[in-house]
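K.L.:
The lines below spell out each chain.
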Amino acid sequence: MLPLLRHARYVLSENPVTGLAFGLFALFLIAAIFGPVLAPYNPLQSNAAMALKPPSAAHWFGTDQLGRDIFSRVLVATRLDLTIAFASVILAFMLGALSGVAAGYFGGWTDRIVGRLADTIMAFPLFVLAMGIVAALGNEVINIVIATAIINFPLYARVARAEANVRRDAGFVEAARLSGNGETRVLLGHVLPNIMPIMMVQMSLTMGYAILNAAGLSFIGLGVRPPDAEWGIMVAEGANFIQSGEWWIALFPGATLMLAVFCFNLLGDGLRDIIDPRMRT
Amino acid sequence: MTAVPALQVEDLSVEFRTRSGVVKVLEHVGFSVDKGETVALVGESGSGKSVTAFAVMGILDAAGKVTSGRALFGGTDLLALGERDLAEQRGRELSMIFQNPRTALNPIRRVGRQIADVLVRHGGATRNDAPQAAIEMLKRVRIPDPERRAEAYPFELSGGMCQRIMIAIALACRPALLIADEPTTGLDVTTQAVIMDLIGELAGDSGMATIFITHDLALAAEYCDRIVVMHAGHIVEAAPGRALFAHPRHPYSAKLLAATPGETVALEDLVSIPGGLPDLRRSDLPACRYSDRCERRLDQCVQPLPQRTVGERHVVACWNPL
Amino acid sequence: MLNLLLSRLATAIPSIVGVVVVTFMLTRLLPGDPAAYFAGLAASPQAIAEIRHNLGLDKSLPEQFVAYVGDLLHGNLGNSLSTGQPVVAEIATRLPASAELTLFALIVAVAIAIPLGVLAAVKQGTWIDHLCRVVTTAGVSLPVFFTGLLFAYVFYYLLQWAPAPTGRIDVFLSPPTHITGFYLIDSALTGNLEAFWGALRQLALPAISMAIFSLAPLARMTRGSMLAVLGSDFIRTARASGLSPRTVIFTYAFRNAVLPVITTLGMVFSFLLGANVLVETVFAWPGIGLYAVNALITSDYAPVQGFVLTMAILYVALNLTIDFVYGLVDPRVRLDS
Amino acid sequence: MKRRSFIKTTAVAGAAATTAPAIWSAAKAQARNETLLLITESPPNSMDIQGVGTNRPSYEVSWNTYDRLITYGVKKDANGNDHYDYRKLEPELATDWNVTPTSATFKLRKGAKFHDGTPITAKDVKWSFDRAVSVGGFPTFQMKAGSLEKPEQFVAVDDNTFRIDFLRVDKLTMPDIGVPVPVIMNSGLCKKHATEKDPWALEWLKNNLAAGGAYKIERWQPGQEVVFMRNDDWKNGPLPKIKRVIRRIIPSAGNRRALLERGDADISFDLPPKDFAELAKSPKLTVIGTAIENAMIYLGMNVNQKPFDNVKVRQAVAWALPYQQIMDSVMFGRALPLFGGADNLSKGTYWPQKDGYRTDIPKAKALMAAAGYPDGFETTLSFDLGMASTNEPLTILVQESLKQIGIKATINKIPGANWRGELLKKSLPMIANAFGGWLNYPEYFFFWCYHGQNAVFNTMGYKNPKMDALIDKARFTTGAEYDALVKGFIDIAFEEVPRVPIFQPLLDVAMQKNITGYRYWFHRQLDYRQLVKS
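Read top to bottom, the protein sequences are chains A, B, C and D.
Take the first sequence: its letter number 140 is residue 140 in our numbering, and every next letter is one higher.
Take the second sequence: its letter number 265 is residue 265 in our numbering, and every next letter is one higher.
Take the third sequence: its letter number 139 is residue 139 in our numbering, and every next letter is one higher.
Take the fourth sequence: its letter number 431 is residue 431 in our numbering, and every next letter is one higher.
Rather than coming from a laboratory, the hints here were simulated on the basis of the structure.
There's no promise every hint is true.
What the hints assert, rightly or not - Here are some chain A residues the structure puts well away from chain D; computed CB gaps all over 10 Å:
| no. | residue |
| --- | --- |
| 1 | L44 |
| 2 | D169 |
| 3 | I242 |
Said to hold, decoys possible - Derived lysine to any residue pairs resembling SDA-like cross-links, with alpha carbons at most 25 Å apart:
| no. | chain 1 | residue 1 | chain 2 | residue 2 |
| --- | --- | --- | --- | --- |
| 4 | D | K284 | C | Q64 |
| 5 | B | K65 | C | L159 |
| 6 | D | K197 | C | Q64 |
| 7 | B | K24 | C | Q160 |
| 8 | D | K206 | C | S232 |
| 9 | D | K403 | A | R79 |
| 10 | D | K281 | A | I142 |
| 11 | D | K312 | D | G237 |
| 12 | D | K123 | D | V74 |
| 13 | D | K513 | C | D170 |
| 14 | D | K144 | C | Q160 |
| 15 | D | K107 | D | G237 |
| 16 | D | K216 | C | T177 |
| 17 | D | K216 | C | S174 |
| 18 | D | K513 | C | T177 |
| 19 | C | K123 | B | T309 |
| 20 | D | K197 | C | N79 |
| 21 | D | K197 | C | L119 |
| 22 | D | K284 | C | N79 |
| 23 | D | K403 | A | A51 |
| 24 | D | K206 | C | V88 |
| 25 | C | K59 | D | G237 |
| 26 | D | K235 | D | A253 |
| 27 | D | K206 | C | A162 |
| 28 | B | K255 | B | L198 |
| 29 | D | K243 | C | E194 |
| 30 | D | K463 | D | G488 |
| 31 | D | K284 | C | A162 |
| 32 | D | K408 | A | G189 |
| 33 | D | K197 | C | L189 |
| 34 | B | K24 | C | T126 |
| 35 | D | K206 | D | V227 |
| 36 | D | K408 | A | G108 |
| 37 | D | K144 | D | V456 |
| 38 | D | K241 | D | A253 |
| 39 | D | K110 | D | G136 |
| 40 | C | K59 | D | G421 |
Just so we're clear, the structure is a prediction, and the values are computed from it rather than from any experiment.
Beta carbons are placed, not taken as given, at the ideal position from N, Cα and C, and that holds for glycine.
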């Protein structure tokens, strides 16, 4: 563990941007956990008298059409957005890692089926496929998670497959097999844990895309139900107000959304540098 | 033999900055090569042979840094030259060929053009007659059917053929110094001999100085006038080949020789030298980097190493030579 | 080369079969009742049943699937109910719009990203490298719909540098004579400068919004493969031969480094097609992305199926093209097959 | 192109980066003056108003390209703007007509021709009316609303005379001839494209005109734009002033506003209320808002489901809605209130009108308690995703308000196509929705929305024999008896509140100052024929 920490320190000192990303990430995490407590106003409370007010000391990000405090809404939305992203990434990981590892390890038909499935998904423009899935399964948050997981699945499956394929005949796997473990046990107990680091990197790299995807879906009206705050839908709501001069309604959620994705992308890079310097590009 | 040095390296030290600390790869390395002479740099992998060559050529990785020393070549210090001036020298005055000839050639450029590139660059030919000049070079390195081979890509050629191309590239502008970095690694034995003979012959034709980097003492003995033995970034002994074989003075050289039973066995196969190379990142490296492995170690071995001249052009860096 | 093409084509067929099945299932899962929608508000249950029958929606799913595949084989993608046109015709008229936008965005992205990546690799570890990383990462972090809105507001509404976001060409100009369907190409071919200029102006903002989004994968791949190539043996040889830095970087390193970048283009293209949907909505771009969104919202099966199928074929065709280009650049592939 | 000349032209283009080069401006300006650029959100899907699944934008295409026998007159509304007059019928293809209790006889205009030059005859009129009552679906229903049901009713007396025989006395018969449905089609042309399977040429007419109206279609790019060209041979009314109309789709409301404000587009209907409210104050644009006749935005409750089967619960909801807040924050004043009247009794035979409800939480709570739900309940509140720009904030406010009386409503956005299906199923507990009828008669509205025949618009599934009797009777009576019947069913609607009226929407339109002659039509589409661009 110690050398890894030393390595991490080296990477951070070499790359201050990654340090910045870690700081940002901590901020987002705090917002996600304590957002509802920290929010200065009730994010759902309308107030006709305060509708469409520009940013001020009382309302840092201004107010929306119904007089709700945008800062509070942006803050509270963090939890929903991050939850969607985390959940979909974890789901994609579970689907992708398991099937990918199985494909790489067993080869043959398993490999062919998983490969075909991944190819089929990859043959769609991913965002359009996600739209179709949400529309087909129903207009709910959980379906955004599922859709995002499905379109990310091939990425995980491919990486897991390649890694498992390499390790199939590695010494430690052979040893585990010889000591009387069944194939499934070898797979889950020995191959899977070994590809975890690279899967972790993959997860941090796809987080940003997952957030963007969810926001894109709710931008076109799918998924999140009003009055829940979510960055994408807030941008969509604000879009109608930009031309009339109320730029803050769309700008702040949009900028926060961008910052979050930016943070996760940098973080993914940084994590990759720490875990596997060879992959650095 | 008139001893006019073609290249004189003095007090060369090189450091590498890596993720896990600074590595002192070379320390106070000094040797010389005379015109028309062939000198071998011999040592285990990681002893600093190639780094020495790269430092002289000015093609170290970005992480490598020359911290001291001079490399006098025809009156100029190569280490002090700017990149632009050095690039003028490289390929024209001093050339290098590498191990693994197949990867050392641009995989997606026809070999004839790769030779022509060098010729055009150094004014050896105009753009128009470069292709023909390249074919002439192919003839010189005895490639059959050179017109057709010039149009080939490296992957279409055998390893030996690729090394001939490399030699053609290196010698295209008739340089004064050739550095051959393990040119026969990865080639089969008969090809090895052919390539070595070719280098020797072409060098002899033009009075070119040659530095031959190898870990194969037998090969060095066969083709080289003098042998320089390196260990962990130090030169431990330098002597004419015959003298070294007859009477190695450094304990490491002796071990090396003892471990060379036949002509074809490489050093990597030998386990008889106890211990390994020291960790060059250590801050408390002993003055003699061999001392940890040495059976003849004395208390004074911690003091800076002496350079003892023990014979005609025979120098050893040891407090307790054989 | 032909063998390579054929073998690629063969591997693509199962994917297309998969796409056909998935699309069919997906659209049949949509909870809306197109019959009810298109019967009109005042329709009686009988009228709806009749429309459902006419649309073949009262048959069992396998029967519907067989009918669907049969139509496909005859090149019939059905009629869009919301625009009333045959899907094949509509896609044919809209595809050039999307393709022109996407390709133009791709060209802009490549023109920026590749030099950026090369620069970052050559200046590895310097502030230029870090800046390149931050800029491209920021680019890929921008939600395209947000960038698009912002651009339209700033460059059209505030600064008036860009034309009104009203589609492919200024409303008061007529589109150029139809040759390829690409306005830029058609207007250039017919020498219609006015239309060329008009189309280019319309194209700029949406294309740049998309290009910014796709800089990152290209720039990074360029940087990464450039670094790998710069560290390779043959570059050392080239440097040892004294070739000028220019020759080393461009003739030797870059041509080799560009190979993995070509492969990345496929991924970036699919990435861009997704972004297309959102950008087309913001800029009123009459392409297939917008068409698909509208069809999806009205549960209009035929266009959705047609769209996805077109996409799959496009994707396969693109990958074939990429393989082909790869082969042109890399003699190892060209001569081996 | 030679390299040199290309460089030269790009240099020219570069210099003109922000404005169009001068050499092109003259032609462009000329085109602009004679062209009306209408920007809108949704495209037409057919040229045939009688086709299956024809959408509302197609009505506009049909209205401007086809003729009808008669049309409506014009009056000035309270704000001095032109407003169609539903009491005054005027000639279009028919120059005059004679109505008896059993039939109406129309004299057709002499010299009127279709776009292809064929004279328009009574045979064409008969063929067109036959088609309208035969194709089924929406057009046939609309004809039926005026008791126009069978082809035998329509008689081509001679080339210039056409007669309609009445099935019964129906005061909606004559008005129904002026609605967009009974267009006059070129029967000869249509028959050429008819097949045995498709005797009414539905397939062909979807994409082609067989018309003789004021405008021809120059170009139609489905989903993108329709370009109309004036028919200079048109005889059935004064020649329109606008030579060319481009109807262009701009999906984003923000962009539509920007185009109008920048003067790039001429006219648009499709903006959010807030933009209309702001543009109305702008000196650059004219905004005309006309109350949409016979229309309302309402909250509907499913009377066949617990707990909304209880009238007290429905009344509690009616007393709990945040009416004024909706008017201010959602509609920005661009609507007429349908709440806060003196009491829940009808004030006359007009519709819609204010009911007596207003926001009174204590009263709502008391009613909830009386209904047996002192602690409230949970339900869902649905709306059509296509109307999200107003219905989303509206439902959020309603949700917040209902929470105060213990009703926890989850908001459910339903995409367009599913919405229609869900309405048909009549299973949604609570919806926010809109309805507007073409013909401005209260009983027409009630027939669709409150009658026990349970049409799709009776979204609440409301059935009350007493109300049905009043509506049925009112359809065929006049005078004082009619007034009493209308008052009767309005009073019941207010008392029982299966749907709570919230406001009457305005049909807002924003246009450049140089556009005049805008006329409000019941079909809420733009009539290009009266517009003038100076």
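K.L.:
Hints first: check each against the structure and report whether it holds.
P.N.:
Results of checking the hints against the structure:
1. L44: For A:L44, whose nearest Cβ neighbour in chain D is about 7 Å away, the distance does not exceed 10 Å, so it is violated.
2. D169: Holds, since 51 Å exceeds 10 Å.
3. I242: violated, 5 Å
4. D:K284 x C:Q64: violated, 55 Å
5. B:K65 x C:L159: Status violated; Cα separation ~52 Å.
6. D:K197 x C:Q64: holds, 22 Å
7. B:K24 x C:Q160: violated, 61 Å
8. D:K206 x C:S232: violated, 65 Å
9. D:K403 x A:R79: holds, 24 Å
10. D:K281 x A:I142: violated, 44 Å
11. D:K312 x D:G237: violated, 55 Å
12. D:K123 x D:V74: violated, 30 Å
13. D:K513 x C:D170: The given pair, whose Cα atoms are some 22 Å apart, holds under the 25 Å limit.
14. D:K144 x C:Q160: violated, 53 Å
15. D:K107 x D:G237: Measuring from Cα to Cα gives roughly 15 Å; hence the hint holds.
16. D:K216 x C:T177: holds, 22 Å
17. D:K216 x C:S174: holds, 18 Å
18. D:K513 x C:T177: Between D:K513 and C:T177 the Cα gap is close to 35 Å, so the pair fails against 25 Å, i.e. violated.
19. C:K123 x B:T309: violated, 46 Å
20. D:K197 x C:N79: holds, 18 Å
21. D:K197 x C:L119: Violated - the C-alpha atoms of C:L119 and D:K197 are around 68 Å apart, more than 25 Å.
22. D:K284 x C:N79: The given pair, whose Cα atoms are some 43 Å apart, is violated under the 25 Å limit.
23. D:K403 x A:A51: holds, 21 Å
24. D:K206 x C:V88: holds, 17 Å
25. C:K59 x D:G237: At roughly 50 Å apart (the allowed maximum being 25 Å), D:G237 and C:K59 break the hint.
26. D:K235 x D:A253: violated, 38 Å
27. D:K206 x C:A162: This hinted pair is violated, its Cα atoms lying about 37 Å apart.
28. B:K255 x B:L198: violated, 31 Å
29. D:K243 x C:E194: At roughly 23 Å apart (the allowed maximum being 25 Å), C:E194 and D:K243 satisfy the hint.
30. D:K463 x D:G488: Judged against 25 Å, a Cα distance of about 15 Å means the pair holds.
31. D:K284 x C:A162: Holds, at roughly 21 Å.
32. D:K408 x A:G189: Distance ~48 Å between D:K408 and A:G189 Cα, so the pair is violated.
33. D:K197 x C:L189: At roughly 45 Å apart (the allowed maximum being 25 Å), C:L189 and D:K197 break the hint.
34. B:K24 x C:T126: Holds, at about 24 Å.
35. D:K206 x D:V227: holds, 16 Å
36. D:K408 x A:G108: violated, 54 Å
37. D:K144 x D:V456: holds, 16 Å
38. D:K241 x D:A253: violated, 28 Å
39. D:K110 x D:G136: violated, 32 Å
40. C:K59 x D:G421: Within the cut-off at roughly 19 Å; holds.
Consistency note: the structure conflicts with the earlier hints numbered 1, 3, 4, 5, 7, 8, 10, 11, 12, 14, 18, 19, 21, 22, 25, 26, 27, 28, 32, 33, 36, 38 and 39.
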